[in-house]
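Number of protein chains: 2
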Amino acid sequence: MINWTNADSLSAWKKLQSLKGMVSVAKELSSSDAAKRVADYSVKMGGGLTYNYAAKQVNEQILKTLAELADEAQLVEKYQDLLNGSVINTGEKRMVLHQLTRGQLGKDVVADGVNKREFYINEVKRIADFANDVHSGKLVNEKGEKYTTVCQIGIGGSDLGPRAMYLALENWAKKNGTFKMEAHFISNVDPDDASAVAKSLDLSKTIFILVSKSGTTLETLTNESFVKDYLKKAGLDTSKHMIAVTSETSPLAHNPDYMAAFYMDDYIGGRYSSTSGVGGAVLSLAFGPKVFQEFLDGAAEEDKLALNKDITKNAALLDALIGVYERNVQNFPSTAILPYSQALSRFPAHLQQLDMESNGKSVNRFGEKINYVTGPVIFGEPGTNGQHSFYQLLHQGTDIIPLQFIAFKKNQTGDDVVIEGSTSQVKLCANVTAQIIAFACGKTDENPNKAFAGERPSSLIYGEDLNPKSLGALLAHYENKVMFQGFVWNINSFDQEGVQLGKKLAKTVLSGQMDGALKAYARLLI
Amino acid sequence: MINWTNADSLSAWKKLQSLKGMVSVAKELSSSDAAKRVADYSVKMGGGLTYNYAAKQVNEQILKTLAELADEAQLVEKYQDLLNGSVINTGEKRMVLHQLTRGQLGKDVVADGVNKREFYINEVKRIADFANDVHSGKLVNEKGEKYTTVCQIGIGGSDLGPRAMYLALENWAKKNGTFKMEAHFISNVDPDDASAVAKSLDLSKTIFILVSKSGTTLETLTNESFVKDYLKKAGLDTSKHMIAVTSETSPLAHNPDYMAAFYMDDYIGGRYSSTSGVGGAVLSLAFGPKVFQEFLDGAAEEDKLALNKDITKNAALLDALIGVYERNVQNFPSTAILPYSQALSRFPAHLQQLDMESNGKSVNRFGEKINYVTGPVIFGEPGTNGQHSFYQLLHQGTDIIPLQFIAFKKNQTGDDVVIEGSTSQVKLCANVTAQIIAFACGKTDENPNKAFAGERPSSLIYGEDLNPKSLGALLAHYENKVMFQGFVWNINSFDQEGVQLGKKLAKTVLSGQMDGALKAYARLLI
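Residue numbers (the working numbering), protein chains in the order written: chain P, 214 to 739; chain Z, 214 to 739.
If we strip away everything but chain P, and leave its shape as in the complex, we get:
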């Protein structure tokens, strides 16, 4: 029997509040047992990754209380319930099935008479067949030429995740001989976005992927028209250059305007859709279906590990719980994501959406006001770039901001250079290491301007290299972390009512029927 109750009604939550400021990471990591702590505070993840939390402000007592919280809040049971097809998205009265796109970990889920796992597998196969036909030259353009380029038109979840994943694997695929097509992305309703991208492409050899679950997203339809104009001006047949990823009930489905259409459904939120056709079409076309399948396999491994009830063996669960401790006990309002990999340049922007759109809520899953803070602000840029930028505030600012480092032993291209006895990749890894200790331990100095208070907690996710499988695991880790935090806070992490009011008011402005401040502001700009 699952109880959906607010966090502040749980006894472990109350106990946790009494454990504020208990651990000095400076002390822990300066002690003679520090190496043991670094070795012990470590969890194996999927895709060959490891989650290390030795520099987090936790000790055995806090971990024990977090485990109690996990039990009392039935976090793993709730996850299992989600996997079994319960209507977890209460606001929209929908199941939540993004994990099902990459594996079957619960009961068979049937909706509208269809086994959903079979449906998702079938769509992956349909995409693979299409991609193989494009790559082999079986499907060609008007002139019988091969397509060379793919361009995704989508916004939010139809853009950030797929774009971040493409960038994450572009160099890997080039190195590993699986690079098939260049991918580009158009998202913003700002016409300069579509204009600049469209002008940079050889339209005659480009396939545009129109991605909108509802088939009614303003930005996406507008950009579709924009691109169709360009295609027509170039004398091209738009139906030879467009495919759709949408739901079966959308106006884009079963529509002869598109070469092909691939389907998703209402049980997968945009920000969780990278492992559905939303990511699948562009990634399969760009890198081949095999690479996309490996990406799914990495995510599936991580999803399975997230079922472990032992928090010290479940990285997503532990990361979630430590985050709750940081947010609701230590009162830290934001978290920085710091990947030491240029390939992950847009991964923080994707996580910003994933986390802030999922858990930026003030009411519980029943629509009742809650009395504790929920999702933090998420931001970040790749290291070492960030070290020369906002790290100043992270080190010496007046607020403490928890940090999440991500790093890999090897780089993707295999290219490197030795300067002063070390490769760039070793320098990169030396910098991650150094930052973790600098943030945790700080440094005294007789000049306070050169002193570092330390006590800035961080975690580290690391692996051998960033490849399709480890990327899939990394993505699933964060999806599951966000889900578990939503369960603790008793909020619905799967709707997004906060985006509606702006949409509605924008329509009012466009209708010309506005007054008061709305009219006054509109006159400044329109």
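Hints listed in this document are in silico derivations from the structure and should not be mistaken for laboratory results.
Each hint should be verified, as a subset may be incorrect.
[To be verified] Residues from chain Z that face chain P, not an exhaustive set, calculated with beta carbons under 7 Å: (1) Gly428; (2) Leu606; (3) Lys640.
Glycine included, every Cβ here is placed at the ideal spot set by N, Cα and C.
Chain P is already provided as a structure; the job is to place chain Z on it using the hints.
Frame of chain P, contents of chain Z only:
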């Protein structure tokens, strides 16, 4: 006589603390006087921009107290003192002269026997001559061919600002016939960054700009070696493909390894260097010297306006003061930068550095611990993209995050499409308008999940279009805002001691002479 005193010793500061939560922006913008407020709460900026603060949580009483704070803290006098060449950067015992790169607003500043304004003008001229020679074909590669591409190698301030400015003007220049050369950027020590960029270029026609004030930045020198290897492997003469922007005392200066060198000095911090040669070389090569001069002119206009003691006529000063009210009275820990222009895609990342590296400090300018919070976390992405992402938390999350919107009436390319009776550009502007009101006024709903609390304060900077002049003004606005906030907080906004410890520890790791937790972490990765 200028008094450098901590903010909490000022009587206006104490008075301000009593004005917490005084203004309901929902009430103000719903009242029958709302249109008047929108019209009145407006300040003309440089470059044809306007700063509107009608949706900020201020009223006449708060504005009066902020004006008192500005007077008591002598903010404009301190700015004038800076312009006159005082040693404002106390930590490093240096003058602060970035405004002098774009105009003379104070006394003549002489250092090392050189009039600095003349020095900066001369460097701009030297860069212009060089760029003109490249564009005209007077300077050519080994084969006598014209250079077509420029690639900046730099990190932090030598990367983020110039990159953001290039992206901001790329489409404008293409539209206006001033686009001369494609620009690319290499920054990260991750070897995949340099590898991917270098492979994408026609090296034989590329000029690399090596940017490092000290000439000793690890990442930049490493990437220089990386690129030189590539050039040599391609059989090219490295000295025909590299120029330097550096200080005259650096190892890169007066060095025959480079085709040319352009100079800056220690009085311009990296994050303030977009209007020096650091931005000047790449922007002049990419868009021509005239465009760079217009950019400087826009910044100069804004610098001049920042001298106005009337806070209602000085946008940078007012923005700074409202930010202080939000940070130190309302206790909001972060601020979002939301440009409704795809061209400003990296502008928030630049401001993140500018603000967080400048004002993320815990000691005052004399190195004494202070007892109030300073710089907030800064993050942001372009709209409308962000609307489909993290705006959920901004609208319905448990924390209030002040917002800074930026918008333009016209797009840069002139390309557009009419869908359902409006252009994309009008849709973009309708969305900004709608968001300001949605955030401020919110919406009641019998379903609390669909209700919006409102009371999210925002400002709006807007103009006719984003061009070199308005971009210069926009940049200078934020530089001056950050400076004024630093003056209020009595901190040194111009050093960055927080970056040192990580550098030092990274060297320790690379030397192999580490132990304890540092060694334990290093073993995970190296």
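Checked hints:
no.	hint	verdict
1	Gly428	violated (14 Å)
2	Leu606	holds (2 Å)
3	Lys640	holds (5 Å)
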